[in-house]
Amino acid sequence: MEKTPGNVYQLTVLRKTDIGYILTDQEQEFFLHNNESFSKTICVDDTVDAFLYYDNQGRIAATLSTPNLVLGLPARLKVVSINTNLGVFMDMGISKDILFSKDDLPLNQAEWPHVGDIIFVKMIHKNRLTAKVVNKIDIHSDQEVPLKTEVSGIIHNIGHAGLNILTDDNVWIFVHRSMFKEAVWIGKRVDVVVTNQSEKGYSGSMIKQKESKMVDDEILFYNI
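Heads up: the sequence shown is residues 100 to 323, going by my numbering.
By construction, these hints were calculated from the structure, which means they are not laboratory data.
Please note that the accuracy of each hint is not assured.
[Claimed, not checked] Below, computed lysine-lysine pairings styled on DSSO-like, alpha-carbon distance capped at 30 Å:
id	residue 1	residue 2
1	K287	K231
2	K225	K177
3	K195	K287
4	K235	K195
5	K225	K287
6	K102	K177
7	K235	K177
8	K280	K201
9	K231	K299
[Unchecked claim] Just the calculated beta-carbon pair ranges, DEER-fashion:
id	residue 1	residue 2	range
10	D290	Y108	41 to 49 Å
11	K280	V214	19 to 27 Å
12	G300	E128	44 to 52 Å
13	V214	Q109	29 to 37 Å
14	I181	D148	30 to 38 Å
15	N295	F130	51 to 59 Å
16	E243	Q127	47 to 55 Å
17	P205	Y108	33 to 41 Å
18	E249	V214	22 to 30 Å
19	I181	E101	28 to 36 Å
20	M100	R276	43 to 51 Å
21	G215	H132	25 to 33 Å
22	Q296	E128	23 to 31 Å
23	K225	F130	17 to 25 Å
Note that the Cβ used here is the ideal one computed from N, Cα and C, for glycine as well.
Build out the structure end to end from the sequences listed, making use of the hints.
What follows is the structure, given as structure tokens:
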């Protein structure tokens, strides 16, 4: 069976080269650079756990480093750099960072993640390995959150109607555009007061109680 980049496999050391090792599954061969062996003692015929990924030339390569993200298992990763032409790069625990493509980010770059932000993402494999923010299908929690409780979470989606925020306990909370005033971006940590629960889930407000009263008064004024 063909091995797919983005996964960890048990491979056999076929031979040593001047700059690394050739690993095999008896059908395919994969190159493991010396730098990716991390000075581990490796001999021909040894079995190693290797993560397959695409190197900078687009070739399938192997590393003995343990990744923080693999196909089918979402994880929280940190943003380490931003390239306005490509997107943002995230540390996935190996020497090569994974790209969160601008194709999956807001058009407004002010809403892109900042360096240091931590976001729950899943790995996508389409001729390369990229990261994409998780959604309600990927992550779901049955944990109940009492109304009027203030919780902390990360903004994972910015839409026309508002924000989808994922708490540290993996509970989704929707915040309508009328319920926040501050600048927002994907990956920003915010505090939300849970105000409602329906069959669609929880909704909340990022406006403090005093400010919320002022917003309600404004809405009432314009409705008179």
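These are the hints, each one checked on the structure:
1. K287 / K231: Holds. K287 to K231 sits at ~16 Å (cutoff 30 Å).
2. K225 / K177: Measuring from Cα to Cα gives roughly 22 Å; hence the hint holds.
3. K195 / K287: 24 Å, holds
4. K235 / K195: Holds, at about 28 Å.
5. K225 / K287: This hinted pair holds, its Cα atoms lying about 28 Å apart.
6. K102 / K177: 27 Å, holds
7. K235 / K177: It holds: about 21 Å lies between the C-alpha atoms, which stays within 30 Å.
8. K280 / K201: 25 Å, holds
9. K231 / K299: Cα-Cα ~23 Å, so holds.
10. D290 / Y108: 41 to 49 Å: Given about 42 Å between the Cβ atoms, the range holds.
11. K280 / V214: 19 to 27 Å: The hint (19 to 27 Å, Cβ to Cβ) holds, given that K280 and V214 are roughly 24 Å apart.
12. G300 / E128: 44 to 52 Å: Given a distance of about 48 Å, which is inside 44 to 52 Å, the answer is holds.
13. V214 / Q109: 29 to 37 Å: Since V214 and Q109 have Cβ atoms about 36 Å apart, the given range 29 to 37 Å holds.
14. I181 / D148: 30 to 38 Å: 32 Å, holds
15. N295 / F130: 51 to 59 Å: Cβ of N295 to Cβ of F130: about 55 Å, so the range 51 to 59 Å holds.
16. E243 / Q127: 47 to 55 Å: 48 Å, holds
17. P205 / Y108: 33 to 41 Å: 36 Å, holds
18. E249 / V214: 22 to 30 Å: 27 Å, holds
19. I181 / E101: 28 to 36 Å: 34 Å, holds
20. M100 / R276: 43 to 51 Å: Since the Cβ atoms of M100 and R276 sit about 48 Å apart, the hinted range of 43 to 51 Å holds.
21. G215 / H132: 25 to 33 Å: The hint (25 to 33 Å, Cβ to Cβ) holds, given that G215 and H132 are roughly 29 Å apart.
22. Q296 / E128: 23 to 31 Å: Check failed, 54 Å falls outside 23 to 31 Å.
23. K225 / F130: 17 to 25 Å: Hint holds: Cβ distance 22 Å, inside 17 to 25 Å.
Hint compliance for this structure: hint 22 is the single one not met.
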